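Asks: Read off the chains here:
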Amino acid sequence: MSQTQTVQDAATDKGWEPRIATFLCNWCSYAGADLAGVSRIQYPHNIRIIRVPCSGRINPAFLLRALQNGADGVLVSGCHPGDCHYISGNLVARRKFALFKELLQYAGIEPERVQFTWVSASEGGRFAAVVEKVVEEVRKLGPNEKLVKTL
Amino acid sequence: MTPSHEIEARLRETAEELLREKRVDLFLGYEKATLPFRTTPLFLTSPEEVERLAWNPFCTTNLAVYLPRLFKAPASAREAERAPPLPTVAVVLKGCDARSAIALVQERQVPREKLVLVGVACPGMVDVRKAERALGEHEALGAGEDALGNIHVVVEDGREVTLPREEIVADACLECRAPTPSLPDVLVGEPVEGKDPDGARRQTDEFASKTLDDRWAHLQDELSKCIRCNACRQACPMCYCKECLLDQTRPRWVGTSTDMSDVTIYHLVRAFHMAGRCTECGACARACSMGIDTRLLTRKLGQEVEDLYGYRSGESADVLPALSAFDMDDAQDFLTEP
Chain A
1 MSQTQTVQDA ATDKGWEPRI ATFLCNWCSY AGADLAGVSR IQYPHNIRII RVPCSGRINP
61 AFLLRALQNG ADGVLVSGCH PGDCHYISGN LVARRKFALF KELLQYAGIE PERVQFTWVS
121 ASEGGRFAAV VEKVVEEVRK LGPNEKLVKT L
Chain B
1 MTPSHEIEAR LRETAEELLR EKRVDLFLGY EKATLPFRTT PLFLTSPEEV ERLAWNPFCT
61 TNLAVYLPRL FKAPASAREA ERAPPLPTVA VVLKGCDARS AIALVQERQV PREKLVLVGV
121 ACPGMVDVRK AERALGEHEA LGAGEDALGN IHVVVEDGRE VTLPREEIVA DACLECRAPT
181 PSLPDVLVGE PVEGKDPDGA RRQTDEFASK TLDDRWAHLQ DELSKCIRCN ACRQACPMCY
241 CKECLLDQTR PRWVGTSTDM SDVTIYHLVR AFHMAGRCTE CGACARACSM GIDTRLLTRK
301 LGQEVEDLYG YRSGESADVL PALSAFDMDD AQDFLTEP
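Protein sequences appear in the order of chains A and B. Just so it is clear: in the first sequence, position 42 is 42 by the working numbering, and no numbers are missing. Just so it is clear: in the second sequence, position 306 is 306 by the working numbering, and no numbers are missing.
Read the hints as simulated data drawn from the structure, not as lab findings. Just so it is clear, the structure is predicted and the values come from calculations on it, not from any experiment. A portion of the hints provided could be inaccurate.
Cβ-to-Cβ under 10 Å is the rule here; a few derived chain B residues that face chain A [stated by the list, open to error]:
| id | residue |
| --- | --- |
| 1 | 66 |
| 2 | 149 |
| 3 | 211 |
| 4 | 271 |
| 5 | 300 |
Where is the CB? At the ideal position from N, CA and C, for every residue including glycine.
If we strip away everything but chain A, and leave its shape as in the complex, we get (with noise of 0.2 Å):
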């Protein structure tokens, strides 16, 4: 049996279920995460929330990690530009995660894997939406395999 299919079997009978690692910043994010949870908002339970300080504490071997210890694919997100509790943390990790995406695109890996996405702490309904995305996207994608460490 192929490889291809393997995955796709894993992902349609085995009842394969997506893990995201989704990197929230305290101030925004993890508060717009807990407004959905508050308002009752439904979204995909694949998601593992790991909050952060700031979206500029992430470092993107904090990504690599999580994609070599099996998460399927990563969410990170921070305040809206302009909105930092750090007055620029957000505006320095957006450049670093723009050259990480593309590194890892460049590299091989699918770019669906690694999203990024801004939710302040009053847009619970934007949280959701961008969760039933990523897991849609990533649930696409299949078990991810490339990175992980099987030794």
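Dock chain B against the given chain A, drawing on the hints supplied.
Replies: Only chain B this time, still in chain A's reference frame:
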């Protein structure tokens, strides 16, 4: 192109003058090595020894790599009290090396006022592996340069072989866009132009035009040679961190095995840390004992930084590095919108 022996003579004069007048404590240059196609770094402290200085087509090492260690910050306030005053250092730099030195000044690893940048207009340096391949069965016993800049090699039976310079010059040199150092304190040699300044762009475009899976397959094939010796990191003038992320153990961010997952992540992290900092000197590729194309990813990131933020490292000592700066209007079309 200024002949090498003239450049060599000028370098010796410059070194003699700087050291004799005590304007510098140390003069960093190249010395002939015992093997053909090789030179070794030379740390000169007295004007009597300037005859050891050499300049030939084999001066490949990026001497800027030594600068951060010469200006290491003291570990503690107590140590700072006892620390000797900072040295003044003159250093011989080719176009790419000069960019490295300026980038180190930009990143505040080296104080500009303690440096004397001796720039040499560089006609491109020989890639030892290309030269050995061009010689085929022959074993080189000695190598030099003729008036046209081509490489003369004496092989085992005393015969001489001439290798055209263009064919054995390093890839990084072929792609070089600024072989003449910008902003040197002393410039030696007539300014030269790059041979194929669009070459790097062409290569990334070609690689990017492959499908995602082909790119991945190519990268895996290339990286499967890696033995995780860290030579690419050690050789890089921009890798000066006191404690490298790759060496951290609590937590260990990057595994040390030669499992393809660890290897790939190592190379992705290394390349990413070079984003907007790499000066394209090719030290990593030269250092790699397995012949990995280490510049595959760094080349792309350099171009990406240039396209997105209009920045090339080491071009001016006064601007902030691209990844330390930001603009409210930076592109963000890569973001996920619901």
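Asks: Determine for every hint whether it applies to the structure shown.
Replies: Evaluated hints:
no.: 1; hint: 66; verdict: violated (28 Å)
no.: 2; hint: 149; verdict: violated (35 Å)
no.: 3; hint: 211; verdict: holds (9 Å)
no.: 4; hint: 271; verdict: holds (6 Å)
no.: 5; hint: 300; verdict: holds (5 Å)
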